[in-house]
Amino acid sequence: MKENSNLELNDGAKIAVLGGGPAGSFFSIFALKLTRQIGKNIDLTIYENKNFSHDGPSSCNMCAGVVSESLVQMLAIEGICLKPPIVQRAIDTYCFQTIGGDVFLNSPSKQRGIATVYRGGGPVNQAASETDKEHVFERKSFDDFLLDCAEKEGAKVENVRIEDIKLNNGRPIIFSKRGQLPDADLVVGACGINSKIIKKFEELGTGYICPSTIKAYQSEIHIGEQNVSDLFGNVVYVFLINQPGVKFAAITPKGSYVTVSMLGKDITRQTVMDFLNHPEVKSKFPDSWKTPDAFCRCVPKINVGAARHPFADRIVMIGDASSARLYKDGIGSAYLTAKAAANTAILYGVGETDFHKYYYPSCRKINRDNIFGKIMFAFTGIINQTPILREALLNASRYEQKHPESGYKCSTILWDTFTGNEPYIDIFLRAFNYKLLLRILVNIFNAIFIRLKKSGDKK
Amino acid sequence: MKDGEGSLGRDYKDGDIIFEENSIGKEMYIILTGKVKVIKEKGDVETILATLEEGDFFGEMSLFDNNPRSASVKALGNVKLLEINQKNFLKKISRDPSLAFRMLEKMSQRIRKTDEKILNCTVEIKDFIEDHQEFV
Ligand SMILES: Cc1cc2nc3c(=O)[nH]c(=O)nc-3n(C[C@H](O)[C@H](O)[C@H](O)COP(=O)(O)OP(=O)(O)OC[C@H]3O[C@@H](n4cnc5c(N)ncnc54)[C@H](O)[C@@H]3O)c2cc1C
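So the protein lines, in turn, are chains P and E. Numbering follows UniProt numbering, with no gaps: position 395 of the first sequence is 395. Numbering follows UniProt numbering, with no gaps: position 97 of the second sequence is 97.
Bound-form chain P, shown alone (with noise of 0.2 angstroms):
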């Protein structure tokens, strides 16, 4: 890496902030705060070609739209408070669904601590237009409702879609349809991993290369308000059912619809209407109630692995384009990553050692945890296919429930690895406590013992 001279903001510097999802809206929100704060001005524009407000995936930053209970705080301590209509639904329980039976946990803080938005103005109503009268469900999208905060602090807003970037005697330029942007001090990525333009950023030469992914499918079923309320209630599902190809699945409540997130190999539309039709998931749903044939979906994709030189000379690179925790609270790494930027670029400076420097090790948090979340989640998958070792920790769970006073050892392990809410380290720390390990172990001898008085009576 260079040494470079000392690249700092001065006042009025200009920063074009390259998307308007959480990370390019966190950047701007912090970022204009703190010059504020040190009594100095800064020119900030948001580039986003999308309209939240709009109806289906082409306005929506396509996710299942669960914001941690530890994000809802730290935006709440920020002065970000999430409230109805952008909270569709406060969650203070996750049912754990395996083919061996489940186990509802209730949230440790035993609060309605989690959120469920809809990242765009909400899902194309196709099967509620023609066949439900009732009112359409209010609701206000997460990414509009950031980008309005953003605006508030004096950012402001293009609805401009950027088509290339370039560098010119070490300053990048943008380029929209119509041609050069203005120029700016300092160019943020914050495109997400859904987006052409991510390559442009690649082509740079900078050392930049874009995070690995994966897809991810995602529908929004419509079965009305009353039956999300009655059948669903605040709690979030998450399916360990051993379908073929098939990760991870959970069936998010909002409002008048449910939001089905799959995670694996080449899921199509026919594993989503096999996993409707699986009598676990089958079994949620109203009994007359039949899988129907059009909802909105869309297939996005996911940050699996880091992304390589997040940053260089007047380019820093952030949220889903840079590191986000695996599998969960994305929206919480957009926040972590784009304050680190934020932070660097108004109280350091914008070369590529300050970023180095104060905004990389953000980073390099994220990324080391995720190796510790790998490992938490092949040992799900382990447990998930290994029916005793799934009844002994069902078990031991369903037990901590029942006995609040015997501490919620396994249930907080299960509770943080899948709602996001802990460092995967943390979580795997814990998990290695000699009494958890104590009360597995009890509740294994004991599935054995139950099989093998089953398998004797038999005989």
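A portion of the hints provided could be inaccurate.
[Stated by the list, open to error] Simulated pairs of lysine-lysine, DSSO-like, Cα-Cα distance not exceeding 30 angstroms:
id	chain 1	residue 1	chain 2	residue 2
1	P	365	E	74
2	E	91	P	435
3	P	83	P	33
4	P	110	E	74
5	P	156	P	177
6	E	35	P	33
7	P	284	P	110
8	P	301	P	199
9	E	26	P	152
10	E	26	E	92
11	P	40	E	106
12	E	37	P	357
FYI, nobody ran anything at the bench for these hints, they're computed from the structure. Values in this document were obtained by computation on a predicted structure and should not be read as measured data.
Chain E with the ligand: place on chain P using the hints.
Below, chain E with the ligand alone, put in the same frame as chain P:
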């Protein structure tokens, strides 16, 4: 949607006591909707120290100094509060110290306001003493 299903945190009704002066507490609260009053009670006399609104926080002092609550807090109308416990809060601050910026800003503003109030009181007392010198 049933009441509360879309709202984060906990609900309090008008007059509910969120915490009492001198109680031990390990939580801070952020107001999501509604208002609360911070009060000191002496006998039957209730003195309102402050009225807090949406986005404001309270109860943070005990998180830092581990002392009992310095005042009571009551709901003014229906209130929704997000509760953050001490351990979680300190963990968050240790991971990202800049999270404390807004709190420090608000706390500084509160100290300034208190300073102003003390100054005004001091001036009033001084004036009062000067006006009633002969009685003193
Ligand atoms: C199936 C799935 C489920 C998920 N579920 C969750 C979840 O429940 N909770 C959670 O926390 N995370 C979840 N995530 C992860 C989460 O969606 C991302 O981590 C998060 O959106 C990253 O934010 P970002 O701002 O970096 O990127 P994005 O949200 O992708 O935002 C990038 C923005 O840049 C804009 N943009 C891109 N290119 C251009 C261009 N050329 N010109 C102008 N604008 C442009 C886009 O329109 C977009 O608005 C999920 C992801 C997937 C795939």
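Evaluation of the provided hints:
Taking the CA atoms of residue 365/P and residue 74/E, the gap is about 41 angstroms. The hint is violated against a cut of 30 angstroms. Restraint check for residue 91/E and residue 435/P: satisfied, since their Cα atoms lie roughly 24 angstroms apart, inside the 30 angstroms limit. Proposed proximity of residue 83/P and residue 33/P is supported: the alpha carbons are some 22 angstroms apart, at most 30 angstroms. At roughly 21 angstroms between alpha-carbon atoms, residue 110/P and residue 74/E fall within 30 angstroms of each other, so this suggested pair holds.
Taken as a hint, the residue 156/P and residue 177/P pair is honoured in the structure, with Cα atoms around 19 angstroms apart against an allowance of 30 angstroms. For the suggested pair residue 35/E and residue 33/P, the alpha carbons sit about 25 angstroms apart, so the restraint of at most 30 angstroms is met. Proposed proximity of residue 284/P and residue 110/P is supported: the alpha carbons are some 24 angstroms apart, at most 30 angstroms. Between residue 301/P and residue 199/P the alpha-carbon distance is near 14 angstroms, which keeps this suggested pair within the 30 angstroms criterion.
For a cut-off of 30 angstroms, the pair hint linking residue 26/E to residue 152/P is broken: about 33 angstroms separates their Cα positions. Simply put, residue 26/E and residue 92/E have alpha-carbon atoms about 15 angstroms apart, close enough for the 30 angstroms limit, and the pair holds. Between residue 40/P and residue 106/E the CA atoms are separated by roughly 20 angstroms; this keeps the pair inside 30 angstroms, and the hint holds. Distance hint between residue 37/E and residue 357/P is unfulfilled; the C-alpha atoms sit about 45 angstroms from each other, more than 30 angstroms.
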